[in-house]
Amino acid sequence: MSIRLGELAQRLGGELIGEPEVAVTAVAPLDAAGPADVSFFTNPRLLAQAAQSGAAALIVSPANSARIGAGFRGARILTDNPYAYFARVAQLFAAQAAVLPPTGIHPSAVVAPSAIIAASASIGPHVTIEAGTIVGDGCVVGSGVFIGRNARIGAGTRLYPNVAFHDGCIIGARCIVHSGAVIGADGFGFAQDEGTWIKIPQTGVVRIGNDVEIGANTTVDRGALADTVIEDDVKLDNQIQIAHNCHIGAHTAMAGCVGVAGSAVIGKHCTFGGAAMVLGHLTIADNVHVSSGSMVTRSIREPGQYTGIFPLAKNADWEKSAAIVRNLGTMREKIRDLEKTVKMLVEKNNEQS
Amino acid sequence: MSIRLGELAQRLGGELIGEPEVAVTAVAPLDAAGPADVSFFTNPRLLAQAAQSGAAALIVSPANSARIGAGFRGARILTDNPYAYFARVAQLFAAQAAVLPPTGIHPSAVVAPSAIIAASASIGPHVTIEAGTIVGDGCVVGSGVFIGRNARIGAGTRLYPNVAFHDGCIIGARCIVHSGAVIGADGFGFAQDEGTWIKIPQTGVVRIGNDVEIGANTTVDRGALADTVIEDDVKLDNQIQIAHNCHIGAHTAMAGCVGVAGSAVIGKHCTFGGAAMVLGHLTIADNVHVSSGSMVTRSIREPGQYTGIFPLAKNADWEKSAAIVRNLGTMREKIRDLEKTVKMLVEKNNEQS
Amino acid sequence: MSIRLGELAQRLGGELIGEPEVAVTAVAPLDAAGPADVSFFTNPRLLAQAAQSGAAALIVSPANSARIGAGFRGARILTDNPYAYFARVAQLFAAQAAVLPPTGIHPSAVVAPSAIIAASASIGPHVTIEAGTIVGDGCVVGSGVFIGRNARIGAGTRLYPNVAFHDGCIIGARCIVHSGAVIGADGFGFAQDEGTWIKIPQTGVVRIGNDVEIGANTTVDRGALADTVIEDDVKLDNQIQIAHNCHIGAHTAMAGCVGVAGSAVIGKHCTFGGAAMVLGHLTIADNVHVSSGSMVTRSIREPGQYTGIFPLAKNADWEKSAAIVRNLGTMREKIRDLEKTVKMLVEKNNEQS
Chain A
1 MSIRLGELAQ RLGGELIGEP EVAVTAVAPL DAAGPADVSF FTNPRLLAQA
51 AQSGAAALIV SPANSARIGA GFRGARILTD NPYAYFARVA QLFAAQAAVL
101 PPTGIHPSAV VAPSAIIAAS ASIGPHVTIE AGTIVGDGCV VGSGVFIGRN
151 ARIGAGTRLY PNVAFHDGCI IGARCIVHSG AVIGADGFGF AQDEGTWIKI
201 PQTGVVRIGN DVEIGANTTV DRGALADTVI EDDVKLDNQI QIAHNCHIGA
251 HTAMAGCVGV AGSAVIGKHC TFGGAAMVLG HLTIADNVHV SSGSMVTRSI
301 REPGQYTGIF PLAKNADWEK SAAIVRNLGT MREKIRDLEK TVKMLVEKNN
351 EQS
Chain B
1 MSIRLGELAQ RLGGELIGEP EVAVTAVAPL DAAGPADVSF FTNPRLLAQA
51 AQSGAAALIV SPANSARIGA GFRGARILTD NPYAYFARVA QLFAAQAAVL
101 PPTGIHPSAV VAPSAIIAAS ASIGPHVTIE AGTIVGDGCV VGSGVFIGRN
151 ARIGAGTRLY PNVAFHDGCI IGARCIVHSG AVIGADGFGF AQDEGTWIKI
201 PQTGVVRIGN DVEIGANTTV DRGALADTVI EDDVKLDNQI QIAHNCHIGA
251 HTAMAGCVGV AGSAVIGKHC TFGGAAMVLG HLTIADNVHV SSGSMVTRSI
301 REPGQYTGIF PLAKNADWEK SAAIVRNLGT MREKIRDLEK TVKMLVEKNN
351 EQS
Chain C
1 MSIRLGELAQ RLGGELIGEP EVAVTAVAPL DAAGPADVSF FTNPRLLAQA
51 AQSGAAALIV SPANSARIGA GFRGARILTD NPYAYFARVA QLFAAQAAVL
101 PPTGIHPSAV VAPSAIIAAS ASIGPHVTIE AGTIVGDGCV VGSGVFIGRN
151 ARIGAGTRLY PNVAFHDGCI IGARCIVHSG AVIGADGFGF AQDEGTWIKI
201 PQTGVVRIGN DVEIGANTTV DRGALADTVI EDDVKLDNQI QIAHNCHIGA
251 HTAMAGCVGV AGSAVIGKHC TFGGAAMVLG HLTIADNVHV SSGSMVTRSI
301 REPGQYTGIF PLAKNADWEK SAAIVRNLGT MREKIRDLEK TVKMLVEKNN
351 EQS
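Chains as they are written, first to last, in this note's numbering: chain A, 1 to 353; chain B, 1 to 353; chain C, 1 to 353.
The hints are simulated quantities; they were obtained by calculation from the structure and are not laboratory data.
Possibly wrong hints are sitting among the right ones.
[What the hints assert, rightly or not] Quick list of simulated restraints, FRET-style, between CB atoms:
#1 A/D286 to B/R73: 37 to 47 angstroms
#2 C/K314 to B/Q352: 37 to 47 angstroms
#3 B/Q352 to C/A323: 38 to 48 angstroms
#4 C/I116 to A/A95: 44 to 54 angstroms
#5 C/K314 to B/Q10: 38 to 48 angstroms
#6 B/E351 to A/E302: 31 to 41 angstroms
#7 C/A323 to A/A70: 52 to 62 angstroms
#8 C/G69 to B/E302: 37 to 47 angstroms
#9 C/N43 to A/A98: 50 to 60 angstroms
Idealized CB from N, CA, C, for every residue including glycine.
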């Protein structure tokens, strides 16, 4: 459970300044790191902490290494992206510490005879896998997971306990779906007929790319006629709702509680703050960033940061502001009246002088 | 898996103009439909697409059929509500394609001896059904579903995998509850006693009518003393929270992520956009429509569309607006001061002239 | 299933005015209570109802008892906190009516040999408990629950069906976790590397105190390096998202659909209305109350009520207000221009007179 610094630099790159034989066993924050820990420095506010850190090694950019100076006594690993390097070091340690579930199918699992389960996959207790489904190499299917008919689970993908993954849906390689997520439930589609709702069968599926992560209790609905699509490397946090026929571009990330209404098309490399919402049938360009709690009500064609939330205030102050907001039309009228009167006064004044 | 157009019109009504022997096998959008597909036309913007569609048959209103003219060569089914007709056609095809689970109780299910399960019902793997519960004719209870004591599941109702349906709750006929939904968990009720919370037992249940659909991971809490009630034909999308003692009128529909606080009484034929919220103990009339992201903070007595969201803007513009919103009181003061001064100026001016 | 009033007062305190031998069997609202019911009175608007109530006994403060006067004929229990007293009476009846699941491990449960399950605990059907986990005295683990490795479930805690409780997480005594809740899924942490996301392993856990209640489908993520902490007597409603490394102070309560972003530190005795949101890395003092639907975007150091929502209006009125909000900068300019011109007019006016 330990790695020598020399081996770390060999595997992950970067320039090691220090003793390659020093062994490290964990990652830790600057102020908690001890002589067997690796830490990293990117936040300028923590410069003093970095200089005084007891870490065995510090991952740092060349420029910041100079800034820290001789204060820090441990080894340094110089790299242009210390945070990404730190993530990879943490992954190494996590992989060493991981307790992998046994391969094979737990005797309590109910797997249809026509399902094809890779020998290297792990199927947990109380799992149900229906007919025609394929589970790839090295997949881990947690306890209580349901996988419907004719689904495809790509190699190395992990479905945590109590996920529901419905008929015909497809997920790529190296994905992670957290507990309670529901992939491929019916989209919300009804026609109205004299006040009664007529259900529109949702016959599309959900197609998910590679390296996608889907948070706990997040829901991604199947398409109505066409499919709901989530491209490679999309990261969805918990409690997110993706409606039918949405298309989410590669590398886009959404924080918790985001909702995306039906048929929205979202670009690549976008980010959505927590509880941001997107109305249906909109198009959002690549590299758009929507702030937390903001409602997107029209298509966004231009990259950038977008926001729309009512600023928080003490309740009494808010009540005052809210009352005025309700009457902004009156305020605008008053200003117009003032403008007219003042213009008249100015004219009179000019006449008089 | 095909239906002749003549049979379609016989079953679903409408006036068929064209060859009744033509067989169709699926529904499709106008631009994708081929010689075995049925499509529909309602959106005036798609008039050109309709005229050029390769569909075997087009569902269309008489007025729109005239608008399309001779351009479209296939058959036509004339009806006053083409979208509802289309939904019913799609349901026919979906019913033909559906793979129904086997009737009977899966050997891995744990069903209390006193539960009464209709012979035509299908109880999936890893299901738990507790004492005194009744599951009606043709019900489908998916893998991993939990049904508590003394519950009632009406005929033809489907509970998808991993639903939890708690003690004493009642659901009518032909309902659909999607994966991960939780019906009848405790409402959120506490008394405060010197800074500590004292739980108020939630002894009511949830009573759900017929033809109700409840989305994935949606939660409907049981009542505190009285019951939580959801009337017939209510449609709830995913990730919705309905708190204890709410009453939701028939035919009301709510999009994803809506939240309704305790004891709210909502009328019939209402609609709620995604992430709309309703405070507790409010009354909302029939035919009220609340826009996405809007917070209902007072009772609504009058039908109509209601909205309350901060408009989205580029972040820099929003920051400017938000700063002013925080100081609207100051702005109002300035306007009042201006009004006074201008009034004084006008009076002086009148005296002078 | 009945309690004499004398016994009630003996167990729960308060001053009984009336016949101690009268037996009561349930709690009920003032207007529905009959001769075997206990009711309570706190809301001044219900004074007439209280006076006319048919309840066997009324829980009431001494001051309000005087206000009701001789109108009410039943017994009275005088106490300073009638609502808390009522809650405790309701708990007594609920405990009498409760059907406790059998102790022991259901044969369909899959429990690792190294897990330690108290003999008085009840482990339901289709449960999975992994290696090294300890389940305390009197715990109830519902059907389909998953508990990961090395977890700790305190005495008397109940996990309702289909909860997922992940590796290493800890929950104290007398807690309640409702169906579909997910405790200890990975926090949402990624480093960016040339447009690709690199996962940061989430190696902390979730530590939950005593007497905590967690609602249906609520998610509490495990920490990244340090832990996510929920202190004693915290009450979380349904559909809540608590991100990694949050710290929630004792006795704080959050209504449904609240979201708290990563590393937020929230004080004790706070309350959050439904769908309130808290950005990451903020600090919120004790006794802060955030209104429903409000977004907390900065730390709050001072107790009090805080709000930030756009007021609801008829859609046409909202459109007008929203258009002005978008152009508040222009409005401010106009006021500044008016102020300048009016100042100039006043000066001229003074010169002339």
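Now the hints, each set against the structure:
1. A/D286 to B/R73: 37 to 47 angstroms: 41 angstroms, holds
2. C/K314 to B/Q352: 37 to 47 angstroms: Roughly 46 angstroms apart at Cβ, these two residues keep to the hinted range, so it holds.
3. B/Q352 to C/A323: 38 to 48 angstroms: 40 angstroms, holds
4. C/I116 to A/A95: 44 to 54 angstroms: For C/I116 and A/A95 the Cβ distance comes to about 29 angstroms; the hint is violated.
5. C/K314 to B/Q10: 38 to 48 angstroms: 46 angstroms, holds
6. B/E351 to A/E302: 31 to 41 angstroms: Given range 31 to 41 angstroms: violated, Cβ gap about 56 angstroms.
7. C/A323 to A/A70: 52 to 62 angstroms: 60 angstroms, holds
8. C/G69 to B/E302: 37 to 47 angstroms: 40 angstroms, holds
9. C/N43 to A/A98: 50 to 60 angstroms: At roughly 56 angstroms between Cβ atoms, A/A98 and C/N43 fall inside 50 to 60 angstroms, so the hint holds.
Hints 4, 6 from the earlier list are contradicted by this structure; the remaining hints agree with it.
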